[in-house]
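Colleague: If you read the sequence shown in the UniProt record's numbering, its first letter stands for residue 1, the second for the next number, and so on.
Simulated from the structure, these hints should not be mistaken for laboratory data. Keep in mind that a hint or two might mislead.
The calculated label-pair distances, taken between Cβ atoms and stated as ranges, are [what the hints assert, rightly or not]:
hint, residue 1, residue 2, range
1, N48, S484, 25 to 33 Å
2, S484, G321, 53 to 61 Å
3, S188, L226, 18 to 26 Å
4, K207, D263, 23 to 31 Å
5, G321, I50, 50 to 58 Å
6, E40, K207, 42 to 50 Å
7, H230, A185, 21 to 29 Å
Glycine included, each C-beta is placed from N, C-alpha and C at the ideal position.
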Amino acid sequence: MRREDVDHTPLKYKSVAEVYARCNLCIIEPETFEEAVKDEAWQKAMENEIEMIEKNKTWELKNKARLVAKSYSQKPGIDFNETFRPVARLDTIKTLVALAAQKGWKLFQLDVKSAFLNGVLHEEVYVDQPPVFMVKNKEDIVCRLKKALYGLKQAPRAWYEEINSYFTKAGFQRSPKEATLYVKAAESGIIIVSLYVDDIIYTGSSKALMMVFKTKMMRQYEMTDLGLLHHFLGLGVIQTKSYIFLHQKKYTKTLLDKFGFKDCKAVATHLAMNEKLSKEDGSEQADEGVYRQIVGSLLYLTATRPDIMFAASLLARFMHGPTRKHMGTAKRVLRYIQGTFDYGIAFEKGKEARLIGYYDSDWSGSEDDMRSTSGYAFNLGSGVFSWASVKKSSVALSIAEAEYVSATTILCDNTSAIAITKNPVHHHKTRHIKRRFHFIRDALQNGEIDLLYCKTEEQTADIFTKALARDRFEYLRRKLGVISPKHLEGSVEI
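Make the full structure from the sequences, and use the hints.
Modeller: Quick look at the structure:
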(Lines of atoms letter the chains of each structure in order from A and count residues from 1; the text may use other names and numbers.)
(Lines give C-alpha, C1' and ligand atoms only; values in the text may rest on other atoms or scores of the structure.)
Protein backbone atom coordinates (compact mmCIF):
# COMPACT_ATOMS: atom_id res chain seq x y z
CA MET A 1 0.00 0.00 0.00
CA ARG A 2 1.32 3.41 -0.95
CA ARG A 3 1.48 6.24 1.59
CA GLU A 4 -0.73 8.46 -0.57
CA ASP A 5 -3.48 5.83 -0.49
CA VAL A 6 -3.75 5.99 3.29
CA ASP A 7 -6.26 8.31 4.93
CA HIS A 8 -4.43 10.37 7.55
CA THR A 9 -7.47 12.36 8.73
CA PRO A 10 -7.76 12.22 12.54
CA LEU A 11 -10.99 10.53 13.69
CA LYS A 12 -12.65 10.30 17.10
CA TYR A 13 -13.96 6.98 18.42
CA LYS A 14 -15.70 6.06 21.64
CA SER A 15 -13.96 2.73 22.14
CA VAL A 16 -11.14 0.51 20.89
CA ALA A 17 -13.76 -1.90 19.56
CA GLU A 18 -15.11 0.84 17.29
CA VAL A 19 -11.61 1.51 15.97
CA TYR A 20 -11.16 -2.13 14.99
CA ALA A 21 -14.68 -2.29 13.57
CA ARG A 22 -13.99 0.57 11.17
CA CYS A 23 -10.42 -0.34 10.35
CA ASN A 24 -9.78 -1.56 6.79
CA LEU A 25 -6.24 -2.80 7.42
CA CYS A 26 -5.15 -6.28 8.44
CA ILE A 27 -3.32 -6.23 11.78
CA ILE A 28 -0.33 -8.50 11.36
CA GLU A 29 2.00 -7.07 14.02
CA PRO A 30 2.64 -9.23 17.11
CA GLU A 31 0.51 -8.28 20.09
CA THR A 32 2.95 -9.36 22.84
CA PHE A 33 6.70 -9.46 23.43
CA GLU A 34 6.57 -13.26 23.51
CA GLU A 35 5.16 -13.29 19.97
CA ALA A 36 7.64 -10.72 18.68
CA VAL A 37 10.71 -12.48 20.04
CA LYS A 38 9.85 -15.60 18.00
CA ASP A 39 10.02 -13.60 14.76
CA GLU A 40 13.54 -13.21 13.32
CA ALA A 41 12.78 -9.79 11.77
CA TRP A 42 11.41 -8.40 15.04
CA GLN A 43 14.34 -9.94 16.94
CA LYS A 44 16.75 -8.09 14.65
CA ALA A 45 14.83 -4.83 15.09
CA MET A 46 15.03 -5.16 18.88
CA GLU A 47 18.74 -5.87 18.75
CA ASN A 48 19.28 -2.70 16.70
CA GLU A 49 17.27 -0.67 19.21
CA ILE A 50 19.24 -2.03 22.18
CA GLU A 51 22.48 -1.35 20.31
CA MET A 52 21.44 2.30 19.79
CA ILE A 53 20.50 2.66 23.48
CA GLU A 54 23.83 1.26 24.68
CA LYS A 55 25.80 3.31 22.15
CA ASN A 56 24.04 6.45 23.36
CA LYS A 57 24.76 5.57 27.03
CA THR A 58 21.08 5.90 27.85
CA TRP A 59 21.26 3.91 31.12
CA GLU A 60 23.54 2.34 33.67
CA LEU A 61 23.01 -0.75 35.86
CA LYS A 62 22.37 -0.09 39.57
CA ASN A 63 21.05 -1.85 42.66
CA LYS A 64 17.87 -0.18 43.83
CA ALA A 65 15.31 -1.49 46.30
CA ARG A 66 12.25 0.27 45.01
CA LEU A 67 9.27 -0.24 42.77
CA VAL A 68 10.07 0.35 39.10
CA ALA A 69 7.49 2.61 37.43
CA LYS A 70 6.07 1.70 34.03
CA SER A 71 5.72 4.54 31.53
CA TYR A 72 1.93 4.36 31.62
CA SER A 73 1.87 4.59 35.42
CA GLN A 74 4.21 7.54 35.91
CA LYS A 75 3.02 9.94 38.59
CA PRO A 76 3.50 13.72 38.26
CA GLY A 77 5.89 15.15 40.84
CA ILE A 78 7.40 11.72 41.49
CA ASP A 79 8.41 10.20 38.18
CA PHE A 80 8.35 13.40 36.17
CA ASN A 81 7.90 17.15 36.53
CA GLU A 82 7.69 19.25 33.36
CA THR A 83 6.44 17.58 30.19
CA PHE A 84 5.65 20.62 28.04
CA ARG A 85 7.98 21.43 25.18
CA PRO A 86 7.48 24.07 22.48
CA VAL A 87 6.71 23.05 18.91
CA ALA A 88 7.23 25.23 15.86
CA ARG A 89 4.03 26.84 14.63
CA LEU A 90 3.11 26.29 11.01
CA ASP A 91 3.04 30.06 10.50
CA THR A 92 6.69 30.14 11.60
CA ILE A 93 7.65 27.55 8.99
CA LYS A 94 5.75 29.43 6.27
CA THR A 95 7.39 32.69 7.34
CA LEU A 96 10.78 31.02 7.00
CA VAL A 97 9.82 29.80 3.52
CA ALA A 98 8.66 33.29 2.53
CA LEU A 99 11.90 34.84 3.79
CA ALA A 100 14.04 32.25 2.00
CA ALA A 101 12.19 32.94 -1.25
CA GLN A 102 12.53 36.69 -0.87
CA LYS A 103 16.27 36.37 -0.18
CA GLY A 104 16.86 33.72 -2.83
CA TRP A 105 18.04 31.19 -0.23
CA LYS A 106 17.54 27.43 -0.27
CA LEU A 107 15.92 25.42 2.52
CA PHE A 108 17.51 22.23 3.85
CA GLN A 109 16.38 19.52 6.27
CA LEU A 110 17.96 17.21 8.86
CA ASP A 111 16.24 14.32 10.63
CA VAL A 112 17.47 13.33 14.09
CA LYS A 113 17.54 9.56 14.64
CA SER A 114 16.02 8.43 17.94
CA ALA A 115 15.81 12.07 19.03
CA PHE A 116 14.21 11.41 22.42
CA LEU A 117 17.10 9.12 23.45
CA ASN A 118 19.35 12.20 23.58
CA GLY A 119 17.38 13.95 26.30
CA VAL A 120 19.16 14.05 29.69
CA LEU A 121 16.86 13.25 32.63
CA HIS A 122 16.88 15.30 35.82
CA GLU A 123 14.51 13.00 37.74
CA GLU A 124 15.38 9.55 39.11
CA VAL A 125 13.65 7.02 36.87
CA TYR A 126 14.20 3.27 37.00
CA VAL A 127 13.15 0.56 34.57
CA ASP A 128 13.44 -3.21 34.49
CA GLN A 129 16.03 -4.72 32.21
CA PRO A 130 14.28 -5.82 29.02
CA PRO A 131 13.55 -9.57 28.88
CA VAL A 132 16.02 -11.68 26.90
CA PHE A 133 18.52 -8.75 26.98
CA MET A 134 19.29 -8.94 30.70
CA VAL A 135 22.98 -8.70 31.67
CA LYS A 136 24.26 -12.11 32.72
CA ASN A 137 24.57 -12.58 36.48
CA LYS A 138 22.91 -9.20 37.05
CA GLU A 139 19.34 -10.17 36.31
CA ASP A 140 18.09 -8.80 39.65
CA ILE A 141 19.42 -5.30 39.01
CA VAL A 142 17.28 -2.53 37.52
CA CYS A 143 18.37 0.28 35.20
CA ARG A 144 18.54 3.87 36.33
CA LEU A 145 17.88 6.06 33.31
CA LYS A 146 20.38 8.82 32.61
CA LYS A 147 18.74 9.73 29.33
CA ALA A 148 15.15 9.50 28.16
CA LEU A 149 13.43 6.55 26.54
CA TYR A 150 10.48 6.67 24.19
CA GLY A 151 7.27 6.44 26.17
CA LEU A 152 8.44 8.53 29.12
CA LYS A 153 6.22 11.54 29.63
CA GLN A 154 9.20 13.85 30.08
CA ALA A 155 11.07 12.56 27.01
CA PRO A 156 9.97 15.37 24.61
CA ARG A 157 10.82 18.02 27.20
CA ALA A 158 14.23 16.47 27.90
CA TRP A 159 15.06 16.41 24.17
CA TYR A 160 14.10 20.05 23.75
CA GLU A 161 16.27 21.09 26.70
CA GLU A 162 19.18 19.12 25.24
CA ILE A 163 18.97 20.62 21.73
CA ASN A 164 18.30 24.10 23.12
CA SER A 165 21.43 23.84 25.25
CA TYR A 166 23.45 22.72 22.23
CA PHE A 167 22.23 25.60 20.06
CA THR A 168 22.95 28.11 22.81
CA LYS A 169 26.52 26.84 23.25
CA ALA A 170 26.98 26.94 19.46
CA GLY A 171 26.30 30.69 19.44
CA PHE A 172 22.66 30.72 18.30
CA GLN A 173 20.18 33.26 19.61
CA ARG A 174 16.71 31.93 20.36
CA SER A 175 13.78 34.04 19.18
CA PRO A 176 11.94 35.70 22.10
CA LYS A 177 8.63 35.14 20.28
CA GLU A 178 9.18 31.62 18.91
CA ALA A 179 11.01 29.18 21.20
CA THR A 180 11.89 26.79 18.34
CA LEU A 181 13.49 29.39 16.06
CA TYR A 182 17.24 30.09 16.29
CA VAL A 183 19.43 32.62 14.51
CA LYS A 184 23.20 32.89 14.26
CA ALA A 185 24.92 35.84 12.64
CA ALA A 186 28.59 35.90 11.65
CA GLU A 187 30.84 37.94 9.39
CA SER A 188 30.28 35.44 6.58
CA GLY A 189 26.49 35.65 6.79
CA ILE A 190 23.48 34.42 8.72
CA ILE A 191 21.84 31.03 9.37
CA ILE A 192 18.29 30.45 10.62
CA VAL A 193 17.16 27.14 12.14
CA SER A 194 13.66 25.92 12.98
CA LEU A 195 13.10 22.85 15.15
CA TYR A 196 10.02 20.61 15.05
CA VAL A 197 10.65 17.67 17.42
CA ASP A 198 13.17 15.59 15.42
CA ASP A 199 12.95 17.56 12.16
CA ILE A 200 15.34 20.47 11.66
CA ILE A 201 14.89 22.99 8.86
CA TYR A 202 17.65 25.50 8.16
CA THR A 203 18.46 28.21 5.65
CA GLY A 204 20.75 31.18 5.37
CA SER A 205 22.91 33.45 3.28
CA SER A 206 26.21 31.59 3.74
CA LYS A 207 26.82 28.13 2.25
CA ALA A 208 29.97 27.77 4.36
CA LEU A 209 28.10 28.59 7.57
CA MET A 210 25.39 26.06 6.77
CA MET A 211 27.93 23.38 5.93
CA VAL A 212 29.70 23.90 9.27
CA PHE A 213 26.32 23.73 11.04
CA LYS A 214 25.37 20.46 9.33
CA THR A 215 28.77 18.86 9.95
CA LYS A 216 28.75 19.70 13.66
CA MET A 217 25.14 18.57 14.09
CA MET A 218 25.83 15.21 12.47
CA ARG A 219 28.89 14.81 14.66
CA GLN A 220 26.94 15.62 17.82
CA TYR A 221 23.83 13.52 17.10
CA GLU A 222 22.89 10.51 15.00
CA MET A 223 20.96 12.05 12.10
CA THR A 224 20.07 11.79 8.44
CA ASP A 225 20.89 14.52 5.95
CA LEU A 226 17.72 14.87 3.85
CA GLY A 227 19.22 17.57 1.61
CA LEU A 228 16.84 20.13 0.10
CA LEU A 229 13.52 20.46 1.91
CA HIS A 230 10.86 18.51 -0.03
CA HIS A 231 8.27 17.44 2.56
CA PHE A 232 7.45 18.73 6.01
CA LEU A 233 4.44 18.10 8.28
CA GLY A 234 2.40 16.82 5.37
CA LEU A 235 3.28 19.77 3.15
CA GLY A 236 5.01 19.37 -0.20
CA VAL A 237 7.81 21.84 -0.97
CA ILE A 238 9.11 22.59 -4.47
CA GLN A 239 12.23 24.77 -4.76
CA THR A 240 13.31 26.17 -8.11
CA LYS A 241 15.40 29.14 -9.24
CA SER A 242 12.28 31.29 -9.57
CA TYR A 243 10.05 30.34 -6.64
CA ILE A 244 9.28 28.12 -3.65
CA PHE A 245 5.91 26.38 -3.87
CA LEU A 246 3.96 24.89 -0.94
CA HIS A 247 1.16 22.40 -1.63
CA GLN A 248 -0.90 19.50 -0.25
CA LYS A 249 -1.68 17.72 -3.51
CA LYS A 250 -1.43 14.16 -2.16
CA TYR A 251 -3.63 14.97 0.82
CA THR A 252 -6.15 16.68 -1.45
CA LYS A 253 -6.44 13.62 -3.69
CA THR A 254 -6.93 11.38 -0.66
CA LEU A 255 -9.57 13.75 0.71
CA LEU A 256 -11.57 13.82 -2.55
CA ASP A 257 -11.38 10.06 -2.95
CA LYS A 258 -12.48 9.44 0.63
CA PHE A 259 -15.70 11.44 0.28
CA GLY A 260 -16.45 10.31 -3.28
CA PHE A 261 -15.61 13.55 -5.10
CA LYS A 262 -12.64 12.34 -7.11
CA ASP A 263 -14.49 12.54 -10.45
CA CYS A 264 -17.19 15.08 -9.58
CA LYS A 265 -18.05 18.15 -11.65
CA ALA A 266 -15.99 21.09 -10.42
CA VAL A 267 -17.28 24.59 -9.58
CA ALA A 268 -15.42 27.89 -9.93
CA THR A 269 -15.96 29.20 -6.37
CA HIS A 270 -16.24 27.50 -3.00
CA LEU A 271 -19.35 29.40 -1.88
CA ALA A 272 -22.37 30.74 -3.70
CA MET A 273 -22.49 34.53 -3.94
CA ASN A 274 -23.54 36.10 -0.60
CA GLU A 275 -23.77 32.64 1.01
CA LYS A 276 -25.49 32.88 4.39
CA LEU A 277 -25.77 29.97 6.81
CA SER A 278 -27.61 29.72 10.12
CA LYS A 279 -28.12 27.04 12.75
CA GLU A 280 -31.85 26.77 12.06
CA ASP A 281 -32.55 26.84 8.33
CA GLY A 282 -35.59 24.55 8.14
CA SER A 283 -33.82 21.66 6.43
CA GLU A 284 -33.40 18.13 7.82
CA GLN A 285 -30.49 17.02 9.96
CA ALA A 286 -27.41 15.69 8.15
CA ASP A 287 -24.97 12.95 9.16
CA GLU A 288 -22.99 14.71 11.88
CA GLY A 289 -20.06 12.27 11.76
CA VAL A 290 -19.49 12.68 8.01
CA TYR A 291 -19.95 16.45 8.23
CA ARG A 292 -17.34 16.76 10.97
CA GLN A 293 -14.88 14.67 8.99
CA ILE A 294 -15.32 16.89 5.92
CA VAL A 295 -14.93 20.14 7.87
CA GLY A 296 -11.94 18.82 9.84
CA SER A 297 -10.26 17.81 6.58
CA LEU A 298 -10.94 21.22 5.05
CA LEU A 299 -9.45 23.00 8.07
CA TYR A 300 -6.27 20.95 7.72
CA LEU A 301 -6.14 21.84 4.02
CA THR A 302 -6.12 25.56 4.87
CA ALA A 303 -2.45 25.14 5.79
CA THR A 304 -1.65 25.91 2.13
CA ARG A 305 -5.07 26.99 0.84
CA PRO A 306 -6.05 30.38 2.28
CA ASP A 307 -8.65 30.64 -0.49
CA ILE A 308 -10.91 28.19 1.40
CA MET A 309 -10.21 29.67 4.86
CA PHE A 310 -13.50 31.57 5.12
CA ALA A 311 -15.58 28.63 3.89
CA ALA A 312 -13.92 26.18 6.31
CA SER A 313 -14.31 28.59 9.25
CA LEU A 314 -17.96 29.24 8.34
CA LEU A 315 -18.77 25.53 8.17
CA ALA A 316 -16.96 24.89 11.46
CA ARG A 317 -19.61 26.93 13.28
CA PHE A 318 -22.14 24.17 12.70
CA MET A 319 -20.27 21.07 13.87
CA HIS A 320 -23.10 20.24 16.27
CA GLY A 321 -26.38 19.43 14.59
CA PRO A 322 -25.52 20.25 10.94
CA THR A 323 -28.37 20.39 8.46
CA ARG A 324 -28.62 19.25 4.86
CA LYS A 325 -28.01 22.82 3.74
CA HIS A 326 -24.76 22.88 5.70
CA MET A 327 -23.78 19.54 4.18
CA GLY A 328 -24.61 20.84 0.70
CA THR A 329 -22.32 23.82 1.23
CA ALA A 330 -19.53 21.55 2.47
CA LYS A 331 -19.91 19.38 -0.63
CA ARG A 332 -19.74 22.46 -2.84
CA VAL A 333 -16.36 23.30 -1.27
CA LEU A 334 -15.18 19.77 -2.15
CA ARG A 335 -16.30 20.31 -5.75
CA TYR A 336 -14.29 23.55 -5.82
CA ILE A 337 -11.24 21.73 -4.49
CA GLN A 338 -11.63 19.04 -7.16
CA GLY A 339 -11.09 21.70 -9.81
CA THR A 340 -8.09 23.20 -7.98
CA PHE A 341 -6.55 20.08 -6.39
CA ASP A 342 -2.97 20.99 -7.36
CA TYR A 343 -3.16 24.60 -6.13
CA GLY A 344 -0.83 25.90 -3.44
CA ILE A 345 1.07 29.03 -2.43
CA ALA A 346 3.85 30.36 -4.63
CA PHE A 347 6.58 32.49 -3.09
CA GLU A 348 8.42 34.21 -5.93
CA LYS A 349 12.10 34.88 -5.43
CA GLY A 350 13.70 38.28 -5.62
CA LYS A 351 10.67 40.32 -4.58
CA GLU A 352 11.07 43.51 -2.54
CA ALA A 353 11.26 42.80 1.21
CA ARG A 354 8.12 44.53 2.44
CA LEU A 355 5.99 43.19 5.26
CA ILE A 356 2.43 43.98 4.24
CA GLY A 357 -0.74 43.20 6.16
CA TYR A 358 -4.36 43.31 5.03
CA TYR A 359 -7.29 43.41 7.45
CA ASP A 360 -10.98 43.43 6.74
CA SER A 361 -14.22 42.87 8.59
CA ASP A 362 -17.84 42.54 7.56
CA TRP A 363 -20.57 44.03 9.69
CA SER A 364 -22.90 41.69 11.59
CA GLY A 365 -22.30 38.92 9.09
CA SER A 366 -23.48 36.09 11.34
CA GLU A 367 -27.16 35.25 10.88
CA ASP A 368 -27.40 33.78 14.38
CA ASP A 369 -25.84 36.38 16.68
CA MET A 370 -25.10 39.38 14.41
CA ARG A 371 -21.37 39.22 15.13
CA SER A 372 -18.80 40.30 12.58
CA THR A 373 -16.23 38.14 10.82
CA SER A 374 -12.69 39.49 10.55
CA GLY A 375 -9.89 38.31 8.34
CA TYR A 376 -6.23 39.12 7.83
CA ALA A 377 -3.32 38.15 5.62
CA PHE A 378 0.39 38.97 5.77
CA ASN A 379 3.02 38.61 3.07
CA LEU A 380 6.63 39.53 2.42
CA GLY A 381 6.04 40.84 -1.06
CA SER A 382 5.09 37.46 -2.56
CA GLY A 383 2.65 34.87 -1.32
CA VAL A 384 0.90 35.06 2.06
CA PHE A 385 2.46 33.23 4.99
CA SER A 386 -0.09 33.99 7.72
CA TRP A 387 -3.87 34.34 7.48
CA ALA A 388 -7.08 33.84 9.44
CA SER A 389 -10.85 34.20 9.32
CA VAL A 390 -12.44 34.59 12.75
CA LYS A 391 -15.89 35.48 14.02
CA LYS A 392 -15.57 38.23 16.64
CA SER A 393 -16.48 37.59 20.25
CA SER A 394 -18.28 40.94 20.54
CA VAL A 395 -20.98 42.67 18.53
CA ALA A 396 -19.86 45.72 16.53
CA LEU A 397 -22.32 48.65 16.45
CA SER A 398 -20.99 50.11 13.20
CA ILE A 399 -18.88 49.26 10.17
CA ALA A 400 -16.14 51.60 11.43
CA GLU A 401 -16.01 49.84 14.79
CA ALA A 402 -15.93 46.43 13.10
CA GLU A 403 -12.96 47.52 10.99
CA TYR A 404 -11.20 49.19 13.94
CA VAL A 405 -11.60 46.30 16.33
CA SER A 406 -10.21 43.90 13.73
CA ALA A 407 -7.11 45.78 12.70
CA THR A 408 -3.51 46.00 13.76
CA THR A 409 -3.56 46.77 10.13
CA ILE A 410 -1.34 48.26 7.56
CA LEU A 411 -3.88 48.42 4.76
CA CYS A 412 -7.51 49.13 5.64
CA ASP A 413 -10.45 50.09 3.43
CA ASN A 414 -12.43 52.05 6.04
CA THR A 415 -11.54 55.73 6.51
CA SER A 416 -13.58 56.02 9.73
CA ALA A 417 -11.61 53.20 11.34
CA ILE A 418 -8.35 54.90 10.34
CA ALA A 419 -9.58 58.19 11.78
CA ILE A 420 -10.42 56.53 15.10
CA THR A 421 -6.97 54.99 15.19
CA LYS A 422 -5.07 58.20 14.42
CA ASN A 423 -7.17 60.52 16.60
CA PRO A 424 -5.49 60.81 20.03
CA VAL A 425 -8.67 62.24 21.59
CA HIS A 426 -11.35 59.93 23.02
CA HIS A 427 -14.48 60.83 21.11
CA HIS A 428 -17.78 60.17 22.90
CA LYS A 429 -18.89 57.89 20.06
CA THR A 430 -15.94 55.58 20.64
CA ARG A 431 -16.18 55.30 24.42
CA HIS A 432 -18.12 52.03 24.13
CA ILE A 433 -15.16 50.41 22.35
CA LYS A 434 -13.22 48.52 24.98
CA ARG A 435 -9.87 49.96 25.94
CA ARG A 436 -8.07 46.74 24.95
CA PHE A 437 -8.84 47.46 21.29
CA HIS A 438 -7.02 50.80 21.37
CA PHE A 439 -3.61 49.07 21.23
CA ILE A 440 -3.72 49.73 17.48
CA ARG A 441 -3.64 53.47 18.04
CA ASP A 442 -0.85 53.13 20.59
CA ALA A 443 1.23 51.01 18.17
CA LEU A 444 0.68 53.57 15.44
CA GLN A 445 1.77 56.47 17.65
CA ASN A 446 4.87 54.51 18.70
CA GLY A 447 5.82 54.03 15.07
CA GLU A 448 5.46 50.24 15.25
CA ILE A 449 2.98 50.08 12.37
CA ASP A 450 1.76 52.35 9.60
CA LEU A 451 -1.96 52.36 8.91
CA LEU A 452 -2.79 53.18 5.28
CA TYR A 453 -5.98 53.33 3.29
CA CYS A 454 -6.53 50.99 0.37
CA LYS A 455 -9.46 50.80 -1.99
CA THR A 456 -12.05 48.17 -1.25
CA GLU A 457 -11.33 46.61 -4.64
CA GLU A 458 -7.72 46.00 -3.54
CA GLN A 459 -8.56 44.71 -0.05
CA THR A 460 -7.10 41.20 -0.16
CA ALA A 461 -8.57 40.23 3.22
CA ASP A 462 -12.07 40.61 1.75
CA ILE A 463 -11.80 36.95 0.73
CA PHE A 464 -11.73 35.95 4.43
CA THR A 465 -14.99 37.64 5.43
CA LYS A 466 -17.68 36.77 2.87
CA ALA A 467 -18.63 34.83 -0.23
CA LEU A 468 -17.66 36.67 -3.43
CA ALA A 469 -18.49 36.73 -7.12
CA ARG A 470 -16.29 34.55 -9.31
CA ASP A 471 -14.21 37.32 -10.92
CA ARG A 472 -13.40 39.02 -7.63
CA PHE A 473 -12.75 35.72 -5.87
CA GLU A 474 -10.25 34.62 -8.54
CA TYR A 475 -8.58 38.05 -8.52
CA LEU A 476 -8.05 37.99 -4.74
CA ARG A 477 -6.94 34.36 -4.88
CA ARG A 478 -4.13 35.37 -7.24
CA LYS A 479 -3.19 38.23 -4.89
CA LEU A 480 -2.79 35.69 -2.10
CA GLY A 481 -0.33 33.78 -4.27
CA VAL A 482 -2.62 30.74 -4.54
CA ILE A 483 -2.15 29.28 -8.01
CA SER A 484 -1.43 26.05 -9.84
CA PRO A 485 2.28 25.26 -10.37
CA LYS A 486 1.44 24.92 -14.08
CA HIS A 487 1.13 28.71 -14.19
CA LEU A 488 4.63 29.29 -12.85
CA GLU A 489 7.75 29.91 -14.89
CA GLY A 490 9.83 26.76 -15.14
CA SER A 491 7.03 24.76 -13.48
CA VAL A 492 7.49 21.11 -12.53
CA GLU A 493 4.97 18.30 -12.20
CA ILE A 494 3.85 17.47 -8.64
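Colleague: With reference to the structure, classify each hint as holding or not holding.
Modeller: Against the structure, the hints come out as follows:
Taking the beta carbon of each, N48 and S484 are about 44 Å apart, not inside 25 to 33 Å as hinted. For S484 paired with G321, a C-beta distance near 37 Å fails the hint of 53 to 61 Å. Evaluation of the 18 to 26 Å hint for S188 and L226 yields a pass: the beta carbon distance comes to about 24 Å. Separation of K207 from D263 is about 47 Å and departs from the stated range, judged on CB atoms against 23 to 31 Å.
Here the CB-CB span from G321 to I50 is close to 53 Å, well matched to the stated 50 to 58 Å. Evaluation of the 42 to 50 Å hint for E40 and K207 yields a pass: the beta carbon distance comes to about 45 Å. Between H230 and A185 the CB atoms are about 27 Å apart, so this pair conforms to the stated range of 21 to 29 Å.
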